[in-house]
Every structure is written in C-alpha cells, then in structure tokens.
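Engineer: Once you've looked at the hints, dock chain W against the given chain D.
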Amino acid sequence: MPQLASHSTPPIVARSVSKTFRVPEERTHTLKETALHPLRRTRHESFSALKDISFEVHRGEFFGIAGRNGSGKSTLLKCLAGIYGVDHGKIWMEGRLSTFIELGVGFNQDLAARDNVVLNGIMMGLTPREARRRVDEVIDFAELREFEELKLKNYSSGMHVRLAFSVAIQVDADILLVDEVLAVGDAAFQQKCFDVFHRMRDEQRTIVFVTHDMGSLNRFCHRALLLERGETVHLGEPHEVADRYLEINFGREANAGGSGDTGEGRGGDGDARVLEAWIEDEHGQRPASLPQGQRIVLKALVRFEVEVEDPAASLYVLNEDHLAIVVASSMRTEERSGRFRAGEEVLCSFAFENVLAPGRYNPLFTLAHRGTGMDLIDRYEGAFSFVVTGPEAMGGAVDLPVEVAMSRAESGSAREIVL
Amino acid sequence: MSTETLTPETSSEPVPYEGLGRPIKGPRALNDDPRRFWHLTYNIARNEFKLKFFGSVLGYVWQVMRPLLLFGVLYVFFVLIAKVGGGGQPSEQFYGVQLLGSIILFTFFGEATSGAVRSVFDRENLVRKIQFPRMVIPLAIVLLAFFNLLLNLIVVFLFALISGVTPMLSWLELPLILTLLVVFSTGLAMLLAALFVRFRDISPIWEVVSQIVFYGSPVIIPLSKVREALLYPKPPKHETSFDRFLHEHGHLLYHIYMLNPLVTVFQQFRHAMVTHATISAGQALEGWLGLLEPVGVAVATFALGFWVFNRSAPFVAENL
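Chains as they are written, first to last, in the numbering used here: chain D, 1 to 419; chain W, 1 to 320.
Bound-form chain D, shown alone (with noise of 0.2 angstroms):
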C-alpha cells in the first residue's frame, strides 16, 4: 500500500455520528386521515442507520467504507455530502466536495447532455461559465461527443453513468465521495476510472469511496472503515476489513461442520454412509472462515453397513461457479484401501494447503467401490459450505505462490522476464 504523508488538518473528520430516521408504521399521507385521527398520533419505528461513527480521512488518502447492503454506508456517505442531516455528533469538511452517488448525480431525463452537465456543475458549485468551459472536456471523457445533443432519457444506462461519473470528476473537487461506481460500466471505462482515482491519489484530493467489492479495497484505498447494523466494525487496513467482511458476509450461514443429510444429491448403493464431514485449521478448531495461506482438513466419518473391500474416498471442492477446484482421492494414495467390516467407522482426512481464492467453496465427498470409482457407494454435498478469506481476489481460482519478478534485461543480452 502506498505510504501517505501525514497532514495535520484532515480533510474529513467525523465524530461520533449519528443517524436516525424515523420510520412511521404506517405512515399517513393525507390530510383527511390526520384529520380523522387527531389524537392519534403515527407511530414512529426508530431505525438507528449509524451509532457513534468517528474517523477521519487525510489529505490525498483513499478511504474505503465497505460492508454489507443496510450497513448504513450509503447513509453514512450522503451524511458527508451534507445530504442528510445528522442527528449527533458533527463532521467536518474542508473543500471543495464532488459527489457521485447511486449511479447518478440527479439529472434531468428531458435535457440535453450539454445542459444537464452544465446544471450539475453549477450545482456543485461552479459559476454558470466555468461549468460551460468544462462541458466539452466533460464528454469527452465520457466519450458522448457524438450524443451530446441527445436527450438524457434516449441514453442507455452505460451513457449515463458514464455521463454521472465524467462530471462527478471534472468539478476539480478537492473531496470526491463515490458510491458503487464500479458496478456500473463495461470494463474499459471501469479500467478509466481507477485510472482516474489514481492520478487524484497523486495529486492529493482525497477520495471516499464505498463498496462491496474487496478487489478494489485492497487494490486502491490505505485505509477502510467497515459498518454492520450501522456500527463500527473495523477501522484500518483495507486487507484487515476485506477479511473482517467477509467473515461477516458468510459467517453466519457458514458453520464449520454438518451431519446434515440433505437428502438431495446422495446417490450410490447405500453399503456406505458419510455421517458427517466437517473442517478443521492447522489447530483442529473449526473455524467460520479460513485464511489464506493455512493449512487446512475436511474430514468425513463414513459408516460401513456392509462389508466393503478396497473403497476409494473422495473429495471435490467446488467454489461459487461449480467449478472443481481441488479434487483429491484415496485412489492415488493408496489403491487398496483394505477390508472394512460393516458397522465399522471411519475417519477419512484431506489436508492441504490453502492456496484457494478468496470466497465460498462447497465440500464433495463421495466413496466409491474399487476400481473405476464410477461405482458409487455414497455422494455427500452441501452439508456444509466453508469461506476463504485472502488479502486480495485476483481472479484466479487458486492464489499459488508465485514468485513475480521483472528485471532489466542487459543491454544486448536476451530479455528475460520471470513469471
């Protein structure tokens, strides 16, 4: 992560924050029935969206506010933009603030590009004729020369954020507050936009961005806050709350172990059962998440029912897409097993190191009689489903340790790039 230089003024400071709103029951719109019902006064649901919330954001810092939808990070961000108002505490922010949120920055649907762009900026700020300079650098950053006549309402939804996001940028806004833009955009603009984020790093703006995607936490902010229920839940780095939040986007349904029989998805001749299966760290807990880099053991006690000469364990473990990440067999280790008498049991044991990608993995244990392994005596999925937790998605399936290297190649002698 790059190191920051440490200003003494921090753009941003919040202190103690928070937001309540007040969610009638049953909310009366209309004068006949408060009239009807005067005494009756509505009654309010109090919905705390942020408790005590305190950080600050340094001068050219990237920040992140990551957690799961209704977090209140969203809320949190419309706080900072002085869109909602704050119920205690107080935040301070000094320069000029650019907002890009929920993929639009208000526009109206029956003007042109040109004069939508020209009333945003004079809506953050800008004099009628510095907002009429920046229209053209405007659009061409969003590539719509050809559009910018058009009606708004005749653009696709790609032209619009596009638009949304090119004048949320050309403001020269010292603070830019950003809400899931990277959901948005095919994966050139997308590539345009970091590209952006990086040189306003440079150039010492300072960039407040919310998000779900860990990817770009990790890969563009020094610092994250993450929220649950409108809390704190972590403040630090982004790698620190990437894993925080993910243990808390799957912690709760994932558990570490199961005797479920689901039932569904078992096949085989039944001479054999998996009675439960289950994962254990390199300290035979059996943790929610995983980290990265551990060594782990999914383990399954099988029942014989009958007498069974030479079984071969199994085991898939299949990520989010379905797709086989690792598979293993007692096949290769040992093709003859032995001879296992019925009512005997079992433990069969894969451990490995964890060098799988960040993300949810279902566990597939089958056993099957000698030979091809196509004879299925027992199939036993979805009992329970572990996550990974990593610094970082690459895109891989797997994350090996790579050794990356990249050196000068001497003048006249070969190139050589080591992967």
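There may be inaccurate statements among the hints.
[To be verified] Label pairs and their calculated CB-CB ranges:
| hint | chain 1 | residue 1 | chain 2 | residue 2 | range |
| --- | --- | --- | --- | --- | --- |
| 1 | W | 259 | D | 130 | 43 to 51 angstroms |
| 2 | W | 52 | D | 22 | 36 to 44 angstroms |
| 3 | W | 221 | D | 18 | 51 to 59 angstroms |
Keep in mind the hints are simulated off the structure, nothing from the lab. We put the CB at the ideal spot given by N, CA and C, even for glycine.
Structural biologist: Structure of chain W alone, referenced to chain D:
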C-alpha cells in the same frame, strides 16, 4: 435560522484538529453563497423554460395561447352574453383589457403555486443526490412563471394599445403591483412545496382552492359589482335569507374579500394600467392605510411559507 440547535450535547466538545472550520450543517433551505443560489435558481428555471419552448411543435405559442383562449371564452360568455362588466358604465371602459390583464396575472399565480406543489417531490433525484439549497426548487418554479408573465404582459400591452388605452404615468406602478403578486405567490409556493412532502392531498386541495381564488377575486366579476352587492345592497322585491345575510354581514364579507392580496393586485392593475375610471385598490380599502392589510397578508404568507420550508428542508431528502 438556528444552526446550533441540532447538537447541544457536543457543542462544548473541542474541535479535534486545529484549523478546522465549522462543522457541516446538512441540507438546508438556503446556503451561504447568494450568488450560487441565484445561478442555480436561474439555470433551473431557464432549462425548464427552454424545455417548454422546444418541447412541442408550436412551442411557446401554447404558453401565450392558453391565457388568450381562456380570455376569449370568458369574454364571449361573461361579457358579451351574460353582460358581466360589459354594461357600459365608466368603470367598464376597456373591459377586455381589464379582463385579459387579470387573467395573465392570475395565470402567474396559478403557475407559481400549482407548479410548486409537486416541485420538490418531483425532483427527488436531485434532492437525494446533491447537496444544494433546497429553496432553489420552489423559487425556480416562481421564476419560470415570472418569465412567462413578462412575455404574456407584452401581449397585454399590445392588446391595450390596440384597444385605445393611452399610456399613463401610473404605468410606473407596475413593478410595485408585480412585487406584491410575487411576494404572495412565492410564500404560497414555499408553503405548498414543503407541505406536499408530508401531505399528498395538498395537490387536489390546492386545485380547488385556486379555482375559488379565481372566482373570488376581480378577474371576471368586477370589484364594482362586489361592492354593490356587499356594501350597497338594494332592497330586493322578494328578500331571501341570503339577501338578509348579505345585508347584515356585507361589510364583514367585503373586508374578508379585500384581505386577499390578489384583489389589490388585480384592481390596482386595472386602475393604474388600464383606466382610472375604475377605483384604485386604495379607494377600495378606504384609504392608503387600508392597503396595509392585504400587504400584511402577503408578507405574512411569505414569512409563514419561508418558515415552514426552512424547517422541513433538512428532512426533505429523508421524507420523500
């Protein structure tokens, strides 16, 4: 405007860093920079104006045609057929111009107030995404209506000159008359825009109310007729209970009628702009001091509208 009321318990807390200014205040009705406020209001109004202009085939013709058509219908049915105002009394001189002028002024009132009702609500995507002074929205509606008014007034003046109205020194009163109209309409615009966010049936209610105001101010029915009926009722041959009611409470009803600032606006327009044969608003109110009442109503409406909008502005984004 109070800005310190939101965070009483943290106000004693020291500023965490030196060099920090004041904490941000969240969304408000106004901002600290009047120029930005004006640029915004003007540009929103201008864009809407352009949309109307270029939005349809005949464009701006419709904007002028609407009041003219209304004028045509009212003139034929009320003046020519029902003989309202067309009776040939001195105060009914240039009655067509009087009628058209009042219609144009009322059109402004209608556009400014009815347009403002849904204005904040309809601009949800702006309100929820950008921090800007919320008051800009209803004021832009009023400004747009004012653009239309100025264009329509050109038509009125052409019509007046063609009809034979001679230019008078009292034409200089026009800015004052328009100021009273704008202050009253703006107050209602702010009030209605803020209330609609909470009460959705403001919209149909206001439609009805503006109809009442249309007939309850001297647009079609000249003030002289109202005065005659309320202040100097002739004993009718067969007195009905309504006649008795008018006879007993005529002065009070007239007083209430004259409280409406639009009555002053329309009547003074007729007096100062069209013909001195009609009585001035001052005369109708028994002296210039009487003008303080409708002016007071307009200013009070403005203050109330401003207060209500200002109070609700911080929460508009959440309540939409």
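Engineer: Compare the structure with the hints numbered earlier in the document and write down the numbers of the violated ones, lowest to highest.
Structural biologist: none
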